[in-house]
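Asks: As a plain string of letters, each chain reads:
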Amino acid sequence: MGKNTLSKNIIKSFYIAWKDLRIYYSSPAALMMGLLFPILMFLTFWLGRNLPLSVALPGLAALTVFFGSSSIAVTTLALERAKNTFDTQISMPVPLIFLIIGKTIASCIYGFVITIIPISILALIAKSPTNYFMFLTALTASSLCSSGLGMLLAATAKRVHEAMTPLNIIRIPMMFISGIFLPIESFPRYLQIIAYLMPLTYVVDSLKYSLIMQGTVKSYITDMVALIIFSAVFLVIATKRLNDTLK
Amino acid sequence: MDIIEVEGLTKYYKKFLAVDNISFNVREGEFFGLLGPNGAGKTTTIRILTGLLKPSSGNIFVTGIDVRKNSVEVKSNIGIISETANPYLEMSAWDNLMFAGALHSLSREERRKRAEDLLKLLGLYNRRNEKVENFSKGLRKRVAIALALMHDPQVLFLDEPTSGLDVQSSRMIRQFLRKLNENGVTIFLTTHYIEEADSLCDRIGIIKNGKIIAIDSPENLKAQSKKKRTLEISFENTLENIAEEIQKLPNVKLVKKYADKFIIHTDDISETIKELVNFASKKNLRIVSLNTMAPSLEDTFVELTGLSSLELERIEQIGKMRKMKM
Ligand SMILES: Nc1ncnc2c1ncn2[C@@H]1O[C@H](COP(=O)(O)OP(=O)(O)OP(=O)(O)O)[C@@H](O)[C@H]1O
Ligand SMILES: [Mg+2]
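Sequences listed follow chains A and B, in order. First residue of the first sequence? That's -8 in our numbering, and the numbers climb one at a time after it. First residue of the second sequence? That's 26 in our numbering, and the numbers climb one at a time after it.
So that you can see chain B by itself, here it is in the shape it has in the complex (with noise of 0.2 Å):
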């Protein structure tokens, strides 16, 4: 069964264009990632699939149910940690807990059992009598991450769950993600960290400006990336005309010099090396290296949004910037 399904999903802020008519599902058990640059609909997609907001129009079932007509009965069935959402920092990490269990209309004995054995996992437990208050940005989003789950939900949805968090407490909260998948939760997470998407999740879907511009697991769409057929090579001497004479080699398709090294685009990697290699003791070449390059996800992604490489560090600096400061 498929737990999210989302068909025709818009969404308008008056006249502005948040989420233009997206459609896809997630699979129980699956950790999906939907994963796009500042601005392209994250969060607006990730509230409105929580009940946090209303669709201006679309079809979505999570858990089975329409979240447009049943938003309550959606929310006994899955956990929020929506990207700002406090605990509330006057009451302790237990009281909040308890609340939280109690609003989930648990007894008193489970909420009791829930509370201490997620403080336990999520490393709380020591200071579960403090105020939030006093925790920093990364226990504080744990407490949050506790409360989502303390109804045992079947799916999680994260907006961004380790923006702004250094890099342990970043590591520590993916590791649990990846457990808690393990354990059948269903996780549905947003993100602008390329490598963060990479490395959690099973499928993931790049938004741009509002649309969904391609859906796959990581390998699938490293393998799109134009790259996979690319090769570096570069040459201890040197000879007038190199690029052109590779050029003429069979399957490649373009050559570029940079610095002392030649980037050739091929139809065949396996033939074009083949190739470069006899090219090269016909023309007494030294070869110094010969790299196969190795499609990044952020390849793809570069390509696919068509941003820069460069434009994509500045957006994450000011990202993390501007998450910093809240």
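Chain A on its own, in the form it takes in the complex (with noise of 0.2 Å):
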């Protein structure tokens, strides 16, 4: 009948989208999370040892992002068992996958939104030499995969927690071996294999490239294509664990 086309459906999900960033990104807890923990984790890791601000502002992008985007990713899906709405949306007639990319474009959109700002401006400030274009790319990137690892881990979760706990067992340790604070190269070779195995090390990666010119490009093209194939895998996984709560 073409009832459900796939314009039809992605124009579901933008409206998914919408109603999301309505009711969760307006919610404090959520900003705080989003904002407040990785910008302290970094005053304390970086500011400490006294280098230029330019120097660090690809990792304080990298974390801002990253955990941004997850957490909200984690309390949007999370939420929507926990507050026994789930049934209200998936009695909708939306393909899951297309569920699935509605929340992850929100997510996408407040990582984005909220790393955006306070890195434009810093790199204006600290006149650092940013290529805009290639900024914007690596972030909306990165925002993607973290969303996807964010929806990944919620997608059977009853109540935030129980997404977000495995989160930060991932998330925490993956912050200290993606090249944030530590050059990989000075990693020995096993943590080396574990660091390019983690999306963080490519969002890192192309931030540093967009941001202060450090790498190639030919690293930053390498670390697109990786932040894609990341993101296609956990949505892909996602939606399957979404559908198989339905057995």
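Please note that the accuracy of each hint is not assured.
[What the hints assert, rightly or not] To give a feel for the contact side, a few chain B residues facing chain A, derived at Cβ under 10 Å:
(1) G76
(2) L77
(3) K94
(4) E98
(5) S101
(6) N102
(7) I105
(8) S107
(9) L114
(10) M116
(11) A125
(12) M318
[To be verified] Simulated restraints, written as ranges between beta carbons of each label pair:
(13) A:T236 x B:N234: 24 to 30 Å
(14) B:N63 x A:R150: 22 to 28 Å
(15) A:K238 x B:S242: 32 to 38 Å
Bear in mind the hints are in silico, worked out from the structure with no lab data behind them. Where is the CB? At the ideal position from N, CA and C, for every residue including glycine.
Each of the two chains sits in its own frame; use the hints to bring them together as a complex.
Replies: This is the structure in structure tokens:
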């Protein structure tokens, strides 16, 4: 009947994103978690060492977008179950993958916005050699991938903490071996391998190149490809896990 | 056409058999009720019919579409009010309806028109811009009903729509459902309130331990009850051995004495009444009361499910308490 065409489903995803942005992102708790935590972490680990602002920018941007998007992704999906709106949502004719996409769009927009504003201001102040086109592209891919990770973990959670705990178990160690505080090349071999299996490493690398021109175009392009593959895999698994909860 | 066709539906939760090979059909325009005690499998069944849960096996067609293969398309044709589903509390009733309308791909004008009509019908129009957070349980249920009706579905599914609501809200919702059904919407609801099923449904399926043990119109179900052949008589004065004497009358199966009354089970009510009157005048007994006991749906329900009335009452109480806590 052509009743549920691709374009209609994409429109539905945007309506879901819009609803989520309105409901969850005005919540102060979400804002605190997304914005304050990475900034505090960063201040603790970086500023003590007295390095120039521009060198600090990529790490700060990476933490903000990674923590912001993944926290909000977990919140928006798990809260549907916790607040008994999940049935209301899945009673509507939307394929699960487009439900996940809608929520991912919302989480991306959130991570993108909370990162772009402070980082752009700081980049201007520090007069860093930022390629803004590459920066926005890197930020989009990074927020997409971070949201995907959150979706994946929240797909089966009945309460927010059920997904937030495993998320923290994953992302806090990730933070230390992603190249934010120490260059990956200084790690032992096995840690380097682990680092290259983690999405945050590519987030950091792509932001280093686009914000302060550290690294190469070739590795920047590799980062983009890696982030897109990670995102696709995360979203597919998230949809599968969500589908499994209906069994 | 049968708008709901269920054949051999079975659902296991891990190894626990919650719904055991049930089959039934619901006709277009019918008001159908699934009645059963707590834990019977009502919610499991309705969730599977609406595509919110996957069956272990069985064929389910709703509005002619295979739910297992295309639950999204089924969802465009039906409205679902599940037991615990909330509207979005942080949004107004109006915005909730706009959201539902958008996900059903209604145009902006259609959405507004439909939301206005529904909110007026459900008595919510004046509070449409208030956050649903501020609404009582009964009002939230009405918003949930409006949400499920935005796209003018052919079938409306409701899981215990009035449980935990006060008398007034319940009555309002029942009247609304009746009107909806008169306008051609097929209704499928689950309930453990026997009177609710009796007063609303064209046909009732009684479910227990995951099996449908009877399915018929309320009147036919009542007629199944043993009580339809029961009389109750009491006399002003009394004699010894009355019970035994009555027992000897033709057609009488069983006589029991309760306080000053005799309960008489018979094969033929009409003949037994005549015999009893004869008997009384022969023995010089004055009849104080003679009643035929009208069978209620509750009698049939109790007999079929094997629950005593007392147990039934307790279960309903527990049900109410449990629902109210949520
Ligand atoms: N997710 C689940 N996992 C395991 N068992 C379940 C699950 N959901 C329901 N059950 C069990 O399946 C049986 C049927 O449950 P169901 O919720 O369908 O009953 P119900 O008729 O709706 O009862 P109620 O009147 O309490 O709502 C019950 O014994 C219940 O404990
Ligand atoms: Mg139930």
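Asks: Hints broken by the structure, by number, lowest first?
Replies: 3, 12
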